[in-house]
Amino acid sequence: DVKVTQSSRYLVKRTGEKVFLECVQDMDHENMFWYRQDPGLGLRLIYFSYDVKMKEKGDIPEGYSVSREKKERFSLILESASTNQTSMYLCASSTTDTLNTEAFFGQGTRLTVV
Amino acid sequence: GQSLEQPSEVTAVEGAIVQINCTYQTSGFYGLSWYQQHDGGAPTFLSYNGLDGLEETGRFSSFLSRSDSYGYLLLQELQMKDSASYFCAVRDNSGAGSYQLTFGKGTKLSVIP
Numbered sequence: 003d004v005k006v007t008q009s010s011r012y013l014v015k016r017t018g019e020k021v022f023l024e025c026v027q028d029m030d031h032e033n034m035f036w037y038r039q040d041p042g043l044g045l046r047l048i049y050f051s052y053d054v055k056m057k058e059k060g061d062i063p064e065g066y067s068v069s070r071e072k073k074e075r076f077s078l079i080l081e082s083a084s085t086n087q088t089s090m091y092l093c094a095s096s097t098t099d100t101l102n103t104e105a106f107f108g109q110g111t112r113l114t115v116v
Numbered sequence: 020g021q022s023l024e025q026p027s028e029v030t031a032v033e034g035a036i037v038q039i040n041c042t043y044q045t046s047g048f049y050g051l052s053w054y055q056q057h058d059g060g061a062p063t064f065l066s067y068n069g070l071d072g073l074e075e076t077g078r079f080s081s082f083l084s085r086s087d088s089y090g091y092l093l094l095q096e097l098q099m100k101d102s103a104s105y106f107c108a109v110r111d112n113s114g115a116g117s118y119q120l121t122f123g124k125g126t127k128l129s130v131i132p
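For the protein sequence lines, the chains are W and S, in the order given.
Residue numbers for the first sequence follow this note's numbering, beginning at 3 and rising by one.
Residue numbers for the second sequence follow this note's numbering, beginning at 20 and rising by one.
A few of these clues could be false.
[Said to hold, decoys possible] Taking lysine-lysine pairs in the BS3-like style, the calculated list, with each CA pair at most 27 Å apart, reads:
| no. | chain 1 | residue 1 | chain 2 | residue 2 |
| --- | --- | --- | --- | --- |
| 1 | W | K57 | W | K5 |
| 2 | S | K124 | W | K59 |
| 3 | W | K73 | W | K20 |
| 4 | W | K57 | S | K124 |
| 5 | W | K5 | S | K124 |
It should be emphasised that the hints constitute simulated quantities derived from the structure, not laboratory data.
Keep in mind it's a predicted model, so treat the numbers as computed, not measured.
Turn these sequences into a full structure, and let the hints guide you.
What follows is the structure, encoded as C-alpha cells:
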C-alpha cells in the first residue's frame, strides 16, 4: 500500500515558535504537496515540490517555507507561528506519470497555535 | 491563478442519484479529479478525467467538458456511507516541469434515509 506519513497527528505550539511539519512517502513519487484545510475553505495549496531541492509556491505561501532534501521527505516550516496558522495540514504525493493521476494523502496534522 | 466553484452542500435520499457540479478557471489545464473525504479522514481519490466525456467506476461516474470548463461527479444508488465531502481538483501545468493540484472548497453530501 502507498503510504504517506505525517510525523504528528496533533501539535500545540506557542505564538512565535518555529514549527516543523514532516511528511514521508514510500512510493518514490516525484511530486509532493502541502495543503491547509479550514472549514468552508477547502484545501488550499501552500507549497509543492516536483523534485529534490525544487519547490514552487502555491496559493498561500506567506508565513511558510519548505524543504526537500531527499525525495521521500517534504517538510513544511512555520518560521514564526501565529494564531491564524491554526489549521489542519495535509501532505500529499503523486507521480508525474500522466496515466497515473492519483494523489495520496497523509492523515493530517492538526496544529493549534496558542 | 486557478479557481473552482462547486456547491457547498447537497442533501439526497438513500438509493437516489445525485450530481455534484464543478466549474473551473485555470491555465495549462491537464485534467479534473474528484476526491472524497469523510469527517476526520484524509481525502481519497475517486476519479480523473483528462479528456471530454464520461468515466465510470462502479456507482460513481465523472464527466468533463473542457470547452465549457465544467465537470460533474454522479453518484448512483446512494448509500448512507456516501455521506462525506467531495472535492473537485484541477491538475494544471505549473510551468516548472510538473503540475499543480488545486482543490475546490468541497461539497458536503448528506444522505438521508
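List in ascending order the numbers of the hints, as given earlier, that are violated by the structure. none
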